[in-house]
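Number of protein chains: 2
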Amino acid sequence: MSISMYQASVPVFQQMLASLDAILVKTQCHLEARKIDQQAILQARLFPDMFAFTRQVQIACDFAKGCTARLAGLEVPVFEDNEASLEELRARIAKTLAFIASVPASSIEGSEERDIHVGSGERARQFKGQQYLLHYVLPHFYFHNTTSYAILRHNGVEIGKKDFIGNF
Amino acid sequence: MSISMYQASVPVFQQMLASLDAILVKTQCHLEARKIDQQAILQARLFPDMFAFTRQVQIACDFAKGCTARLAGLEVPVFEDNEASLEELRARIAKTLAFIASVPASSIEGSEERDIHVGSGERARQFKGQQYLLHYVLPHFYFHNTTSYAILRHNGVEIGKKDFIGNF
Chain H
-18 MSISMYQASV
-8 PVFQQMLASL
2 DAILVKTQCH
12 LEARKIDQQA
22 ILQARLFPDM
32 FAFTRQVQIA
42 CDFAKGCTAR
52 LAGLEVPVFE
62 DNEASLEELR
72 ARIAKTLAFI
82 ASVPASSIEG
92 SEERDIHVGS
102 GERARQFKGQ
112 QYLLHYVLPH
122 FYFHNTTSYA
132 ILRHNGVEIG
142 KKDFIGNF
Chain C
-18 MSISMYQASV
-8 PVFQQMLASL
2 DAILVKTQCH
12 LEARKIDQQA
22 ILQARLFPDM
32 FAFTRQVQIA
42 CDFAKGCTAR
52 LAGLEVPVFE
62 DNEASLEELR
72 ARIAKTLAFI
82 ASVPASSIEG
92 SEERDIHVGS
102 GERARQFKGQ
112 QYLLHYVLPH
122 FYFHNTTSYA
132 ILRHNGVEIG
142 KKDFIGNF
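Protein chains in written order, with our numbering: chain H, -18 to 149; chain C, -18 to 149.
It is possible that some hints are incorrect.
Because identical chains share one entry, a pair is satisfied inside a single copy or across any pair of copies.
Derived pair list, reagent style DSSO-like, types lysine-lysine, alpha-carbon separation capped at 30 Å [said to hold, decoys possible]:
| # | residue 1 | residue 2 |
| --- | --- | --- |
| 1 | LYS109 | LYS143 |
| 2 | LYS16 | LYS109 |
| 3 | LYS7 | LYS76 |
| 4 | LYS16 | LYS76 |
| 5 | LYS109 | LYS142 |
Simulated from the structure, these hints should not be mistaken for lab results.
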């Protein structure tokens, strides 16, 4: 009995990305009901040198995608960062969910000691699989998920922590 | 080879609470240099019906403390929610770190299927240990850590994501 690398990664990404998608739907409804331009949210940020909402959602997806691919020893799929609407951000989440669902659990199991290389040049980092997942990817993944949520709350979108946690 | 319940919990809490503590030190320096009253941060929130900074830090500590105790089958230590300064919040983090360090890894190992009861009355929830840790505690724990960070960034404290991730 123990936690497998698959259990600690893909189902967690699925829970949180599904909840992020549901939050985007609520955000669409909120904006439509008030005739607010989506750009007001897409370009919102909590401080001038922090990433805007669109980028936060893109990066949350990228940590799920990158981690799943690297743990499985696959090339990381490249998504263009060109989303310009909530619908397009939902499509990116859907693409991410489709990719991570396509990776067989068996290719991730046993990746605890796999060598993981991230970044390049001066920003290159090396990890073992378990360290990469628990101490690097999950903090970053949750950071961008929570910051996306925080930007929406700060802008008055009516969502709550239940929406953030989602269903599992 | 696999991830143990201990590895997926206590060392993660230690990383993130140590980084939160270091962030509080930077916040103290930031406020002192500018002669800003700590209350401006302690009572700051991102939206009127969200918790203020002090409460965010308290809850982050409580998820680490509660999870560690419950997985180990121990009574959850009760901390009064009476912190009124950054120094006192740092003391709460220190108390939390001392408690979770005092719990032997062996008492948490093997808790994947342990029955966990949280809350009471209508808010009572039941989990198995692994589900509780991966799908409930960690999302909540990271939520309050990130929201604490977001409140500081929103108020101009000069910290970055490296401070949030910390050392591991």
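Hint by hint, where does the structure go against what was stated? Just the numbers, ascending. 2
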